[in-house]
Structures are given as C-alpha cells and as structure tokens.
Amino acid sequence: MEIHRPPNNYFDDALIRNLADAFETLDKDQACRAILLAAEGKSFCAGANFQSRPELGLALVADFRVAAPEARFAGNFVKIGIHPGFGLTHTLPRLIGPQRATLMLLTGRRIDGETAVAWGLADQLSPLDRLRADAYALAAEVAESAPLAIISTRATLRDKLADTVEAQTRHELREQSRLMKTEDHREGVKAVAERRPGRFVGK
Amino acid sequence: MEIHRPPNNYFDDALIRNLADAFETLDKDQACRAILLAAEGKSFCAGANFQSRPELGLALVADFRVAAPEARFAGNFVKIGIHPGFGLTHTLPRLIGPQRATLMLLTGRRIDGETAVAWGLADQLSPLDRLRADAYALAAEVAESAPLAIISTRATLRDKLADTVEAQTRHELREQSRLMKTEDHREGVKAVAERRPGRFVGK
Amino acid sequence: MEIHRPPNNYFDDALIRNLADAFETLDKDQACRAILLAAEGKSFCAGANFQSRPELGLALVADFRVAAPEARFAGNFVKIGIHPGFGLTHTLPRLIGPQRATLMLLTGRRIDGETAVAWGLADQLSPLDRLRADAYALAAEVAESAPLAIISTRATLRDKLADTVEAQTRHELREQSRLMKTEDHREGVKAVAERRPGRFVGK
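As they're listed, the protein sequences go chains C, R and E. Counting along the first sequence from 1, when you hit position 59 you're at 59 in the working numbering, and nothing is skipped either side. Counting along the second sequence from 1, when you hit position 93 you're at 93 in the working numbering, and nothing is skipped either side. Counting along the third sequence from 1, when you hit position 5 you're at 5 in the working numbering, and nothing is skipped either side.
Bound conformation, chain C alone (with noise of 0.2 Å):
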C-alpha cells in the first residue's frame, strides 16, 4: 500500500479513516500474508509545516519499519503546546524503553535513521535507493513462514496491545483537549510554522 500525497504526505481524518478500512479488508484475505506501507515521495511522512500530524504514531503501528538514514523521527508536541496522541505515549516506550522515550516526547528532537535503528524505533537501516526493495525482503521473509503460526505468535507478543493502546488514546486524548484551549498551544502552532522557538507564558 502506498500513500500518494507527495512530497509531504500530511495525514488527515480521513487518510487514515481508508487506511484502517484498507488493513481491515486484506486482514480478511486469506492470500495476504503481509502488508507494506509505504509513502510517494521523498520520505514516509515530512514537512516544513509539520505540525504533530500523527505520522510517528501511524508508523509505529505497523510491526516493523525500514528506514534510510536520511529517515528522521520527530513527536514534536510540547512545541506546539500539546500532549502527544494517536497512543505514542504507549507505542514509543514500548519501543525504545521509557527513557528514551521521555528524550524524544520532552525535547520534541528528531531522530536519524542510524539513531532510530540503534534504539530499536526502526528494525533496519538501508540506503534511500534499496528501502522499497529492502522493505519487501522484510515482508517476504515474514510472509514465507506458516500463515497459522505467524497469526497466533504475533497475537501472543501483542498480547492486549490493542485494547492498552485505545486505552492511552483516549487519555491522551482529554490531554489534547484541555491543551488545546490553552494561548501556548496556539504560540505554539504560530512558533513551529515561523521556525522560531514559541513565547511560553504557561496558560
């Protein structure tokens, strides 16, 4: 599956509304063993208007990610004033621990590709011009196992993720909603879009 929204890929409502409604039909396809995500353009997701869309979330949602070392990984939400959403605040630290999770969500500071592969937030690096084909490598190998066996092992390592995930989200989302109101959100919305650091008055 590809995102055709080049060069940035903003994500909205309803990108990931087809996204989930595509996922759910090849889930039913007994012939699909494994699916790639993946984005036209420069990069997954980008942007000079990058404004906590949730790009990061929705890669870490998937079970494994490729990434060049150009790749950068950024959850830039307390610059915006904001509390990170889309379950980050679960999916994150259940990637790279709860430390370097708390670096990335406290600084909002991106992450290259050779970072992300040390920490464990991507599983392989590979160069710009190999990670299509590298990404396919990935699913294939998955793919090729018994299809019964990847099913049940999978839910086993995920165990309740699913139910924890919408759990957060809906914290998160009580967070995002009270910060929202806030004057610093909207400094900080104004701040990111002038590439200046935002003027905080705490309200």
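No wet-lab data here; the hints were simulated from the structure. There are no misleading hints in this set.
DSS-like, lysine-lysine: derived pairs with alpha carbons at most 30 Å apart:
1. K160(C) x K160(E)
2. K181(C) x K160(E)
3. K160(C) x K160(R)
4. K28(R) x K160(R)
5. K160(R) x K181(E)
6. K203(C) x K28(E)
7. K203(E) x K28(R)
8. K160(R) x K160(E)
9. K190(C) x K203(C)
10. K203(R) x K160(C)
11. K181(E) x K203(E)
12. K160(E) x K203(C)
13. K190(C) x K28(E)
14. K181(R) x K160(C)
15. K160(E) x K28(E)
Derived list of chain R stretches under chain E, where covered just means 3 residues or more per stretch with a C-beta under 8 Å from a C-beta of chain E:
16. 90-97
17. 152-166
Looking from chain R toward chain E, a few residues come up when the C-beta cut is under 8 Å (computed):
18. Q30
19. D63
20. F64
21. G120
22. D123
23. E141
24. V142
25. E144
26. S145
27. A146
28. P147
29. L148
30. A149
Glycine included, every Cβ here is placed at the ideal spot set by N, Cα and C.
Take the given structure of chain C and dock chains R and E to it, following the hints.
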C-alpha cells in the same frame, strides 16, 4: 555443568529433566554460589537438523550468557509451523524488548554473537578460545560477593518471573498443541529438514 | 543546583532532605522550567570509600543524565552484603532493562560513561570540559517548550512511577534491615574499605 552430546547437543525431555534435577541439587548446596552451564562441542546448541527444540529457551533460563562471535541464536518456530515454547515469548521480550523479540520470532532469523550482545540477548562477547574462561570469570565475579545479598537481590530482580514463565508456558503449549495438528506443521518440519522454504496453505 | 562536598560528594540523610526541600520549593516556582543538578569536584559522586551510599539512586531520580566518558556508575551493594536501596531495583531496570540491571547489581561492576550512554543509563556523552554547558543546553531544550504540555506529557510518561518507587523502597528497606544484621555485611564493609574481596560465610 557440561552437556555432552557433541557436536550438536540435541536436547530432549530426559536431558531437560536431568538438568533441572542437577540445578535443584546444587541449589541446596551452601558451598555452590554460581553454576556455569556449557556444552561440549563447537557451540552450546547447534545442528543442521535444528527443529525448534528448546535450545534458545534453555539458554534464556540462565542469569547470564557469554557468547562467541560465531554463536547463532534463533527461534525458527514459524518456519516449522508452530508457536514458540519454553517460555520464550516471555523471556525473550524481557531480555531484548518486545520489538526485537517480534523480529526474531516472526522471521525465524539467526542472530550472530555480536548482534546478540548489542541487543542484550547475551551479556558478553568472548573469542571462542576464551569462552569458557570468560564465562567462569563472570560466574566467579558473582560468587565472590556476599551470598545472602546475592540471593536477596536476585529474588527482587526476578520478582514473579518463575510464575509468569509458568503461566506463559501453559499458553504456549495450548497454541503448540493446536498448531501441531496442522498440515503446515508437517510441511514445515519437512521443509526445514530439506533446507527449502515451506509450501504453506494456512491449514 | 550544585552539591558542594568536593572531592567525593559524600551523601547523607541531611543532604538528601535538603535536596528534596529545594526541589519542592523550585517546583512551586512558575518561572522554573527545569532544574540542573550538578556536583562540585571531579564527578557527580565518587570516592575511594564509596560504600553503596545512594549516589546512583539519586542520579536515577532525575529525568535525564549527562555523563563524561570518565564517569563511573556502580551499585556495589552485594559486595558489602546488603540489598540495593533508594528505589534502584525499580529505576535501574526501567532505564536499562532487567538484564543489564541484573548484571550491574549482581556483580557490582563499574560501568563507564560510554557504556552508560549505550545502555541508556545516561542520555548524553559530553567531554568533561563541556559537561556543564551540555547539561545546561539539554535543560534549556526542555525549558523552551510549552510548560503545561511538558508537565502533562511528563506525568503521562512517569505514570505511577513515584508510587511504584515508594513501594519498592519499602521492600528494599526490609531486605536491607535484615541483611545489615549479618556477619557478611560487616565483613563486606571492611573488605571494600580495604580494597580486597570479602571472605563471606553466608551468615
């Protein structure tokens, strides 16, 4: 303690039971402060006919692991169409995190000694000709400290590990029993023995 | 904030209480967005007579740690015959995983600054002559973002951390009280002071 079934050190129920009995006997001996478990032959566990016997599971029962760069770690359960066992779906994520455990268990990939140490699957990398000596030195390092403090600290850090592993093993056995009846399991065992990808049908 | 007890910055109850009071006061100050805790002298905490005082435990209370390559991290509790304290049996596995925490706490090994950063025990490696400046820059990076979003995100990521650490500290104190009465504890304190291995009897 040394396992004498070179060169491949195939494991069976009798061997596991003998090991468990020997551990329990040593555990009652006040003079025993550490146990070093090794295997005669090229490596702790290996073999052209490797068919998801509990080698990796057994290695993860120990407190620490010393590995040579030549060591290979794998759990190829999905290739033979069954679910992992021996508590691996708890002990492996506990050591290397849920993400890398998922990569290993959904692909069946072999991990070399260096990667194992980088991921925390092994605690120390030693050249093959110093492996025993280095493992002995690590055991001696633990044995040198105050035994009651070691017992108490180890119990705290393991917490409910034994109970959790037991419960997880029951879940694993249920899934294994179910999958062992499938066509794909029979095909998987054959395919691995013939060193070719399985032709799986999802039944 | 700076601890002025060079060169070894020995810690005692009064110092810990003063630190806690100072943190609480700063916490009430809306203008304070980050606290940098440092120690005068060669290193944050060190000392030839290092006897499992809560230095490592205190360092792990902070949100982030900046370390020089020359830094050394150790919890040598088992060498003096007691159980770790100050919440370390929860905070250390939380940062570096249960396996590396077990290696540190069952061997009492010293970990250098580079290993600490590789394991996630410290977040950043800085040369000794830039340590303060880099720690200040990290604090400033956090302080620059919207304060309400920082507070909210940090609370989510720490979740029940304070409660869990409090409960764990109670367990640690029980084990410490019990072990402090042993012959091996007295021998361990002497042995560490005399820089020799202890002669332990398991009593």
